[in-house]
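Taken in order, these protein sequences are the chains called A and B.
When you line the first sequence up against my numbering, it's residues 37 to 380, in that order.
When you line the second sequence up against my numbering, it's residues 37 to 380, in that order.
No lab work stands behind these hints: they were computed from the structure.
Errors might be hidden in some of the hints.
Pairs count within a copy or across copies, as identical chains cannot be separated in the list.
Below are the EDC-like pairs computed for lysine to aspartate or glutamate, each with C-alpha atoms no more than 20 Å apart in a straight line [as the list claims (entries may be wrong)]:
#1 K345 with D323
#2 K151 with E72
#3 K301 with D273
#4 K157 with E184
Small disclaimer: the values here were computed from a predicted structure and weren't measured.
Here's the letter readout for the chains.
2 protein chains.
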Amino acid sequence: MSAITSLINRQIRLASRPHGLPTAENWESTTQPVTEPGPGGVLVKTLYLSLDPAMRGWMNEGKSYIPPVEIGAVMRAGGVGRVIASQNPAFAVGDFVNAGLDVQEYCLIPQEQVKRNGMFKIDPRLGLTTWLNVLGMPGMTGYFGLMEVGLPRAGETVVVSGAAGAVGQTVGQIAKIKGCRVVGIAGGKAKCDWVVNELGFDACIDYKGSDVRAGLKEHCPGGVDIYFDNVGGEILDLVLARINRSARIIICGAISQYNNTTPVKGPANYLSLLVNRARMEGIVVFDYADRYHLGVAEMAGYLKAGTMKSREDVVQGFENFPATLLKLFNGENFGKLVLQVADA
Amino acid sequence: MSAITSLINRQIRLASRPHGLPTAENWESTTQPVTEPGPGGVLVKTLYLSLDPAMRGWMNEGKSYIPPVEIGAVMRAGGVGRVIASQNPAFAVGDFVNAGLDVQEYCLIPQEQVKRNGMFKIDPRLGLTTWLNVLGMPGMTGYFGLMEVGLPRAGETVVVSGAAGAVGQTVGQIAKIKGCRVVGIAGGKAKCDWVVNELGFDACIDYKGSDVRAGLKEHCPGGVDIYFDNVGGEILDLVLARINRSARIIICGAISQYNNTTPVKGPANYLSLLVNRARMEGIVVFDYADRYHLGVAEMAGYLKAGTMKSREDVVQGFENFPATLLKLFNGENFGKLVLQVADA
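Isolated chain A, as found in the complex (with noise of 0.2 Å):
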């Protein structure tokens, strides 16, 4: 008990919301005692946040498809972390567990907050910084956003922006183990060259390095059946000029967008809509949420089989989440980005 409650738990706040690219003044870093959990309450000790675009629409203000962070409160993040102590029957102290544990070194979760907060224990023999790529909300956001709103069929040539990054690299590994052609688009040689000769791409074009519209023209030369959408901007627009009858676009994400100081560029070819007789449809995570363990279920089995691999971009210390989030924002994360706040 003692040892718990000398701990001092480090927290960063939203200090005011950003207005383009976070910057330091929008944050504040505070610190409070830990205390023990009381009946039905678990501690959580942060191992590993997650680090994810969806967190800059969650500093705005207003309405979306979850409340925004409030100021002053804690930085909401989800992430990993070990079981320090318990009176959950649940959850054991040493469990490691996939919580919503937000921008904080540990994390107490009263009883009445264990089931609201989505906290399960994960096996940690599948790596534990998988369980915020492949096997966590990522990996379910690829997985569900393809299989339900993308509707692949073998064959079938899908596009993915954002291919290196966290849900990028599972949808394109699900669409080629569901038989499609599967083209990446991401920033640089070096992520090409892992989406195709690790992940087994057919293609992946370089938005920083080629030219996209030439891109695309090459290597879907029968149209694109599937595009799921991880950045807006004029990628977008430029996959809509080529997709096929009934083509099916799944919006899971802009960051092209998020930090506009000026208004969010609508996609121009929106008419090729139209013309297509496609759709455009946007995924949620969370509305899958009782079925998680399905998906996470069948990927797990990938893994498992050497089918499917999951690549994270690990920073080190919890003093640098705010520069570390900018990484996603010009592309420097190379894989699902990572903070390693402690040592498992």
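Please build the complex by placing chain B on the supplied structure of chain A, with the hints as guidance.
Just chain B, lined up with the frame of chain A:
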């Protein structure tokens, strides 16, 4: 025989592709002698021509859902006519038909074109111009677009733009019959009053004389479940800001953008599709050709029962085609725009 071969067929051909609104120099008038149909062929005298927003798209070069009208070709148009000579057992002299007549006074349809033309006999007792409106291509567009892409459920809120136009009046009336709350968007008080008082819409927002944003807020207090979009542009964005979870947006047209000399304005609020897990999907009426008869039968039933109305804006005179077409783009037409070429 001699009566027919003495006839002169006036035609309007596409002389050049417009940049922005079509002008006089984009058209060329020609005349040709009328010839007798050969074996299996049919000669139709044009009575009414359908003037549609889609015509503007057919005048452009480039890939679309049908090939563009070639330079020098008679302008494409559907119409209602009367058979004046026939060597085809399926059509007798005196029959009224709906057919691809093009912008000309007489249309000779050779045997090998009869099926491809899609020509069919119509019942003149339902009104000749009705067959270019609720019972014609626009009606089928509204019917199949709403029912098969919109998937309306009783109690849902349906918004339709171009509400007094051919497609819009059909969509709104069907949605009412199916038990939905229906809010139109139209230009001017007269159209809005007609849509509410004559067609039974629950409300209609005058985009020329009032604030559409405020109107949507007032008349769709529970949000928008289905938006049938005929106009694109700013109105599409305003509706996107008010859609509900799992909303369906039917992209039927974008008349506000057809004469742009700058790029199409894409919907800046398209990420509302993500937030609301909503869908935006294009529709082309030709895909439902093998079921038109089912749609027509249902619409004809409503017309006979008096639960549906059909309003056409009939302009006289073949030579007025170029000027009349422009009425569509400034919203001057009140009801489905039709050009009367000859008396029945």
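Consistency of the hints with the structure:
1. K345 with D323: neither (25 Å within a copy, 42 Å between copies)
2. K151 with E72: within (19 Å within a copy, 81 Å between copies)
3. K301 with D273: both (10 Å within a copy, 12 Å between copies)
4. K157 with E184: neither (26 Å within a copy, 43 Å between copies)
Checked against the numbered hints above, the structure breaks hints 1, 4 and satisfies the rest.
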